[in-house]
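Visitor: For the record, the sequence lines run as chains U and P. Just so you know, the first sequence maps onto residues 0 to 168 in numbering that gives the first Met the number 0. Just so you know, the second sequence maps onto residues 0 to 168 in numbering that gives the first Met the number 0.
Be aware that one or more of the hints could be misleading.
Put simply, identical chains are the same to the list, so a pair is met inside one copy or across any two.
Taking lysine-lysine pairs in the DSS-like style, the calculated list, with each CA pair at most 30 Å apart, reads [stated by the list, open to error]: (1) LYS22 x LYS111; (2) LYS101 x LYS32; (3) LYS12 x LYS112; (4) LYS32 x LYS112; (5) LYS157 x LYS112; (6) LYS32 x LYS111; (7) LYS121 x LYS32; (8) LYS157 x LYS12; (9) LYS111 x LYS121; (10) LYS112 x LYS22; (11) LYS121 x LYS157; (12) LYS12 x LYS22; (13) LYS111 x LYS101; (14) LYS71 x LYS32; (15) LYS71 x LYS101.
By construction, these hints were calculated from the structure, which means they are not laboratory data.
2 protein chains.
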Amino acid sequence: MNLFELTVPQLAKTLRNVDRWLKSAEQYAEQRKFPVDNLIGARLAPDQYPLVRQIQTVCDNAKFIPGRLAGKEWPAHADTETTFEQLHARITAVLTYLETFKTSDLEGSAEKKISLPWMQSKWMTGIEYVTQFALPNFYFHTTLCYAILRHNGVPLGKNDFIGGIPMRD
Amino acid sequence: MNLFELTVPQLAKTLRNVDRWLKSAEQYAEQRKFPVDNLIGARLAPDQYPLVRQIQTVCDNAKFIPGRLAGKEWPAHADTETTFEQLHARITAVLTYLETFKTSDLEGSAEKKISLPWMQSKWMTGIEYVTQFALPNFYFHTTLCYAILRHNGVPLGKNDFIGGIPMRD
């Protein structure tokens, strides 16, 4: 099993979805005449990440996942974004990194030992990492971005979350 | 590629996580002295599913995904739950259904043509269905259950969302 198909194209597609939600928020802010960057600090609970950190985390997961599986260095980001414009730029930077991956980069990664930075001495296999940790965590933060925007009135629906699906006749 | 490992055990694990969040909500309600079933209709936006329907949808996805991949009939549920007790029972029923699956039931399902009820004449492959639609959709509703409870003060954290991961020394 090559983990490329389960990760790289789907992470990129989802990042492009998130980028579109930010654009919907910008349109909504323009209609309602408020500065869109007011949403940067919005959160659903006082002890939960605000929108800006949810987006940063989505971007980080999208680079960590194939980066760890392929053992390929990822671009560093300083987590200093304070505007929607900067968040778009961060998403674009990660999309550019994802475009550098080929299917062969993830050859054998299902059986590879993957460690996490906060448990360096322990490991799980690549397929366990993707299935049980990486994808659930990625969709967790992605959904929280969506939910924070929805909670603040941005008109989004399930189709915006999923994006296009490859239906054939 | 057999899709069993990507779906059945992980869907079951996540359902058990959701069941625990409901128990945390029950404990919180007892401490704060409110009827826990007050949370059944809670939602994050007026045009979004409330908690009860998020849980019903999580349960439905958990049976639809392996059911469609294996072509195996799933138990019907009438969506009539109005209490946490009934939601626990629904989760338990789906867990029992998931326990009937063997790895061999999903043999060849990555290439199988999968249609969706609202687009019966169209199809995608099993791997496309799992990667691009089924798992993102499952985690979407799962995260919304979590987010609705968090927004209402239930003390949950990321570890509760992910559940245990199979780390080895």
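Visitor: Next step is simple, just say for each hint if it's right about the structure.
Guide: For each hint, the structure was consulted:
Taking the closest pair of Cα atoms, LYS22 and LYS111 never come within 30 Å of each other, the shortest separation being 38 Å inside a single copy and 36 Å across copies. For the homomeric pair LYS101 and LYS32, neither the shortest alpha-carbon distance inside one copy (44 Å) nor that between copies (56 Å) is at most 30 Å. Taking the shortest Cα distances, LYS12 and LYS112 sit within 30 Å of each other both inside one copy (26 Å) and across copies (22 Å). For the homomeric pair LYS32 and LYS112, neither the shortest alpha-carbon distance inside one copy (51 Å) nor that between copies (47 Å) is at most 30 Å.
Proximity of LYS157 and LYS112 under a CA criterion of 30 Å is satisfied inter-copy only: 23 Å between copies versus 35 Å inside one chain copy. When the C-alpha separation of LYS32 and LYS111 is checked against a cutoff of 30 Å, the pair qualifies neither within a copy, at 51 Å, nor between copies, at 49 Å. Neither within a single protomer nor between protomers do LYS121 and LYS32 lie at most 30 Å apart by alpha-carbon distance, with minima of 51 Å and 42 Å respectively. Within a single copy, LYS157 and LYS12 get their C-alpha atoms as close as 15 Å, and across copies as close as 24 Å, so both meet the 30 Å cut-off.
For a Cα distance limit of 30 Å, the shortest separation of LYS111 from LYS121 inside one copy, 13 Å, qualifies, whereas the shortest one across copies, 37 Å, does not. In this homomeric assembly, LYS112 and LYS22 never come within 30 Å of each other (Cα to Cα): the closest approach is 38 Å inside a single copy and 34 Å across copies. For a Cα distance limit of 30 Å, the shortest separation of LYS121 from LYS157 across copies, 19 Å, qualifies, whereas the shortest one inside one copy, 37 Å, does not. Proximity of LYS12 to LYS22 under the C-alpha cut-off of 30 Å is restricted to the intra-copy arrangement: shortest distance 16 Å within a copy versus 35 Å between copies.
Proximity of LYS111 to LYS101 under the C-alpha cut-off of 30 Å is found in both arrangements, the shortest distances being 17 Å within a copy and 25 Å between copies. Taking the shortest alpha-carbon separations for LYS71 and LYS32, neither the intra-copy value of 44 Å nor the inter-copy value of 52 Å comes in at or below 30 Å. For the homomeric pair LYS71 and LYS101, the shortest alpha-carbon distance inside one copy (12 Å) is at most 30 Å, but the shortest distance between copies (36 Å) is not.
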